[in-house]
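Chemist: So the sequences go chain by chain: A and B.
Residue 223, in the numbering used here, is where the first sequence stops; the numbers in between run on with no holes.
Residue 223, in the numbering used here, is where the second sequence stops; the numbers in between run on with no holes.
Hints were generated in silico from the structure; no laboratory data involved.
All of these numbers come straight from a predicted model, not from anything done at the bench.
Any given hint could turn out to be false.
For identical chains, the list gives no copy identity; a pair is met inside one copy or between any two copies.
Only pairs whose alpha carbons sit at most 20 Å apart, straight line, appear in this in silico SDA-like list of lysine to any residue [what the hints assert, rightly or not]:
id, residue 1, residue 2
1, K63, T166
2, K67, D28
3, K5, E131
4, K205, T166
5, K205, G133
There are 2 protein chains.
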Amino acid sequence: MEKLKVGVLASGTGSNLQAIIDASLAGDIDVEVAVVVSDVEDAVALERARAAGVPAVHVPPGKYRTKLEPEIEERYVETLEEHGVDVIALAGFMRILHDDFLTHFAGRIINIHPSLLPSFPGLDAQRQAWEYGVRWSGATVHFVDAGVDTGPVIIQAVVPVRDGDTRDQLAARILEEEHRIYPMALQLIAEGRITVDGGRVSILKPRQATEPVRETTGEGRGA
Amino acid sequence: MEKLKVGVLASGTGSNLQAIIDASLAGDIDVEVAVVVSDVEDAVALERARAAGVPAVHVPPGKYRTKLEPEIEERYVETLEEHGVDVIALAGFMRILHDDFLTHFAGRIINIHPSLLPSFPGLDAQRQAWEYGVRWSGATVHFVDAGVDTGPVIIQAVVPVRDGDTRDQLAARILEEEHRIYPMALQLIAEGRITVDGGRVSILKPRQATEPVRETTGEGRGA
Numbered sequence: 001m002e003k004l005k006v007g008v009l010a011s012g013t014g015s016n017l018q019a020i021i022d023a024s025l026a027g028d029i030d031v032e033v034a035v036v037v038s039d040v041e042d043a044v045a046l047e048r049a050r051a052a053g054v055p056a057v058h059v060p061p062g063k064y065r066t067k068l069e070p071e072i073e074e075r076y077v078e079t080l081e082e083h084g085v086d087v088i089a090l091a092g093f094m095r096i097l098h099d100d101f102l103t104h105f106a107g108r109i110i111n112i113h114p115s116l117l118p119s120f121p122g123l124d125a126q127r128q129a130w131e132y133g134v135r136w137s138g139a140t141v142h143f144v145d146a147g148v149d150t151g152p153v154i155i156q157a158v159v160p161v162r163d164g165d166t167r168d169q170l171a172a173r174i175l176e177e178e179h180r181i182y183p184m185a186l187q188l189i190a191e192g193r194i195t196v197d198g199g200r201v202s203i204l205k206p207r208q209a210t211e212p213v214r215e216t217t218g219e220g221r222g223a
Numbered sequence: 001m002e003k004l005k006v007g008v009l010a011s012g013t014g015s016n017l018q019a020i021i022d023a024s025l026a027g028d029i030d031v032e033v034a035v036v037v038s039d040v041e042d043a044v045a046l047e048r049a050r051a052a053g054v055p056a057v058h059v060p061p062g063k064y065r066t067k068l069e070p071e072i073e074e075r076y077v078e079t080l081e082e083h084g085v086d087v088i089a090l091a092g093f094m095r096i097l098h099d100d101f102l103t104h105f106a107g108r109i110i111n112i113h114p115s116l117l118p119s120f121p122g123l124d125a126q127r128q129a130w131e132y133g134v135r136w137s138g139a140t141v142h143f144v145d146a147g148v149d150t151g152p153v154i155i156q157a158v159v160p161v162r163d164g165d166t167r168d169q170l171a172a173r174i175l176e177e178e179h180r181i182y183p184m185a186l187q188l189i190a191e192g193r194i195t196v197d198g199g200r201v202s203i204l205k206p207r208q209a210t211e212p213v214r215e216t217t218g219e220g221r222g223a
């Protein structure tokens, strides 16, 4: 089976990147991390890539704080294409991607978010959950669309919020599940088992898998 | 131990009412359903009450569709007070309660909602969850405040959403958990084990319980 080539975008520590690299190198998933691209020159994520023998590219983001300049976003596309990626996985990438990028990789960009979406989208999801006082939280791997954490849900994992938990204890419990489900989601994509219909994801049984994800997930929630 | 007197407001079938009555009559919870009040004359909930020997009162709602006339809301308060209720449990009560009612019973009104709040507040929560495509949903027992399904969370239960589930299968799986956690929440209140601080509920260990809920839950999320 040919491996799914994943390009990872990361701005920070990249512990989810590490989980993907580890699962990939261990042969647990049919995935190859083809390139890691970061907007932050000294991001630990880039070090993790280099340490694993994965191409690590810093592309300076330009003058904005929360997005990329259009010409620079185009350079991100080019860099990812040069490395032949099938799928883009965001791993703590702190900039919003815009239409050209989203359209170019339509249905092939995924993200992980530390809450049970649609609860607590946006920044500091673990803190939001803790402050709200929910009894269960978790993590969500989802396709990326033009909204903030609004795309079709691929996998979710739940974790309890325990009486006496600190925010950090809750965040650590969620992170453990993130590291488990992000590689799992990539493997489902590698096996061609994900379809999206009207914004809802279905996971096919192994024998039902037919086509790679790129042909089947072009539609968003509103389609 | 003196039993917690609960007044239930219901507009429809009242299957959660039945779960509370059953747990109460079985002696599983230290709760007595003191009265059931409905805005719907032929509500099955009223029949369930009568069948269990619980006072069943129909108070016509007046001219509005989604709320009670102020004078009528006052009659609801009076009816509940006449029966000496400690706590109000909403069980499919389809009208919004307003300030006078909420203030009168401040910190003593609870509701059950068929989702993992804050996801999917409002009507048809199970359908909302199904259509969104979440992988986990559930049920939430919460204190009622002036918002729609926004009050402090007491208990939540999670259920999986399975590939191939219909909306009805999901709703049935959630309902089973509702019937389990609503009596459980009342028992925690009966044992004086619930405190609310800054909109977050803490559940005390049995030996920590000190005061009945009425003294400890006057503050809402914004406090």
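Chemist: Are the hints correct? Go through all of them and say.
Modeler: Here is what the structure says about each hint:
1. K63 with T166: Classified as neither; 37 Å inside a copy, 49 Å across copies.
2. K67 with D28: So K67 and D28 fail the 20 Å test inside a copy (34 Å) and across (57 Å) alike.
3. K5 with E131: Answer is neither; intra-copy 38 Å and inter-copy 31 Å both fail.
4. K205 with T166: The answer is between: 18 Å across copies meets 20 Å, while 39 Å in one copy does not.
5. K205 with G133: Close across copies (17 Å), not inside one copy (36 Å); limit 20 Å.
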